[in-house]
Amino acid sequence: MIVLDAEMSGLDPKIHSILSIGAVDFSKPERQFYMEAKLRNNAQIDPEAMEVNGFTTKEVKDKNKPTEKEMILKLCKWMDDTKDRTIGGHNVQNDIKFLKYAIALYQIDYKINSRAVDTYALTYESYLKRKLKFPMKDNIADLKSDVVFKYCGLKQEPHPHNALTGAKMEAEAFSRLIYGKNLLKDFKNFKIPRYLIQ
Amino acid sequence: MIVLDIETTGEIPWEHSILSIGAIEFSNPSNQFYNECRIREGAKIDPEALNINGFSRKEIENQDKKSLKDALTEFIEWTEKIDDTTIAGLNHYMDVYFLEFSLNFYGMKSPFKYRLVDLHTIAYVNHLNRGLELPLESRGSALKSNIIYKYCGMPVEEFPHNALTGAKMEAEAFSRFIYGKNLLTEYKEFEIPDYLKK
Chain A
13 MIVLDAEMSG LDPKIHSILS IGAVDFSKPE RQFYMEAKLR NNAQIDPEAM EVNGFTTKEV
73 KDKNKPTEKE MILKLCKWMD DTKDRTIGGH NVQNDIKFLK YAIALYQIDY KINSRAVDTY
133 ALTYESYLKR KLKFPMKDNI ADLKSDVVFK YCGLKQEPHP HNALTGAKME AEAFSRLIYG
193 KNLLKDFKNF KIPRYLIQ
Chain B
2 MIVLDIETTG EIPWEHSILS IGAIEFSNPS NQFYNECRIR EGAKIDPEAL NINGFSRKEI
62 ENQDKKSLKD ALTEFIEWTE KIDDTTIAGL NHYMDVYFLE FSLNFYGMKS PFKYRLVDLH
122 TIAYVNHLNR GLELPLESRG SALKSNIIYK YCGMPVEEFP HNALTGAKME AEAFSRFIYG
182 KNLLTEYKEF EIPDYLKK
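Top to bottom, those sequences are chains A and B.
Just so we're on the same page, our numbering is the position in the first sequence counted from 1, plus 12.
Just so we're on the same page, our numbering is the position in the second sequence counted from 1, plus 1.
If you're looking for bench data, these hints aren't it; they were derived computationally from the structure.
Small disclaimer: the values here were computed from a predicted structure and weren't measured.
Among these hints, one or two may not hold up.
As the list claims (entries may be wrong) - Within a straight-line C-alpha distance of at most 25 Å, the following computed DSS-like cross-link-like pairs (lysine-lysine) qualify:
1) B:Lys-182 - B:Lys-198
2) B:Lys-145 - B:Lys-182
3) A:Lys-112 - A:Lys-86
4) B:Lys-199 - A:Lys-193
5) A:Lys-26 - A:Lys-89
6) A:Lys-145 - B:Lys-145
7) B:Lys-198 - A:Lys-112
8) A:Lys-77 - A:Lys-50
9) B:Lys-114 - A:Lys-162
10) B:Lys-182 - A:Lys-141
11) B:Lys-198 - A:Lys-145
What the hints assert, rightly or not - Beyond 12 Å from chain B on every Cβ pair, some chain A residues (computed):
12) Val-64
13) Thr-68
14) Glu-71
15) Glu-82
16) Leu-85
17) Arg-127
18) Thr-177
19) Asn-194
20) Lys-200
21) Pro-205
Just so you know, even glycine gets a beta-carbon here, dropped at the ideal spot from N, CA and C.
Produce the entire structure from the sequences given, and follow the hints as far as they go.
So this is what it looks like as structure tokens:
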């Protein structure tokens, strides 16, 4: 499983672009990927997204940065060294949607599988098993990434978001939810809650 | 949690149309919803999709069938009586995308979010947890519906597919994974494997 997080210039893959990708090979967590790219030609910038990822307009238009296509090609090459390239993450279908769009746009010969693994579903399952009451918003379980991280005994994700930090925290959350064990030394000092220890 | 399955005329929400919606309230499984409708005006038909869901062109163009707008309105009314409308299913990101596009098409706002409880995640993690080798296809997870149902001790899904049967089977699989228990009388005779019993 590749635990992946991406930061974008907005929510719509057709008009926004991927600005950075972070990834952790879950079975060999020392294998990590991080790369930033400049804004795709003609792609738009949603100020709200930039507030989340912390990039400035000057940074994302820096001509010295690699292109989105170069970033995706490097990611694909990096993923090639992994036996199981199933993508994992938090609400990860949105990241997959952007990746698939970019792969099709640049006609890259690479298949991203839609069968993914999501910390949202895993945390929901854990709440059901433990008969916990969900935090709700608009009648939907509001298990945001920070709720998931807190449930796993982790700190809040630093703001602004960084794709590699996001991927590492998600990988650590997966390890705690699946095995009840610490995965990365970055989070070794954060105690695993008793209810996750198997 | 609402376990949802839909059948469509193809894979692209803005080109194809929903033909049927099946849903079950997981915490109150006798509360079920099923609706069929005629094809949305101007939508395309992919013959492969009709092969999967078994509808004929004559059936989906039958003007005596309710419109997609009416079918959606009834579905929304059904969900309004449910406290937790988090959507669950199997690789159902596209189902929610279809619902969102179709509701917007008729000027209605989708109450659903892309916070989804995916059966694939639960099945994948159960394999990891038991130290099992994952079936792979194109170097990604090959945990398709019938592989998951077999793993849960259930029969293969009938062909052609029916949206309510799909939702029922997914709900039953969720129950077996989460609680190790049978949910619906339809599947009572199918023994739950020991590795899922709690």
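Here is how each hint holds up against the structure:
no. : hint                  : verdict
1   : B:Lys-182 - B:Lys-198 : holds (7 Å)
2   : B:Lys-145 - B:Lys-182 : holds (21 Å)
3   : A:Lys-112 - A:Lys-86  : holds (15 Å)
4   : B:Lys-199 - A:Lys-193 : holds (21 Å)
5   : A:Lys-26 - A:Lys-89   : holds (24 Å)
6   : A:Lys-145 - B:Lys-145 : violated (31 Å)
7   : B:Lys-198 - A:Lys-112 : violated (38 Å)
8   : A:Lys-77 - A:Lys-50   : holds (5 Å)
9   : B:Lys-114 - A:Lys-162 : holds (22 Å)
10  : B:Lys-182 - A:Lys-141 : holds (12 Å)
11  : B:Lys-198 - A:Lys-145 : holds (24 Å)
12  : Val-64                : holds (16 Å)
13  : Thr-68                : holds (28 Å)
14  : Glu-71                : holds (28 Å)
15  : Glu-82                : holds (22 Å)
16  : Leu-85                : holds (17 Å)
17  : Arg-127               : violated (5 Å)
18  : Thr-177               : holds (22 Å)
19  : Asn-194               : holds (16 Å)
20  : Lys-200               : holds (21 Å)
21  : Pro-205               : holds (17 Å)
Hint compliance for this structure: hints 6, 7 and 17 are broken, all remaining hints hold.
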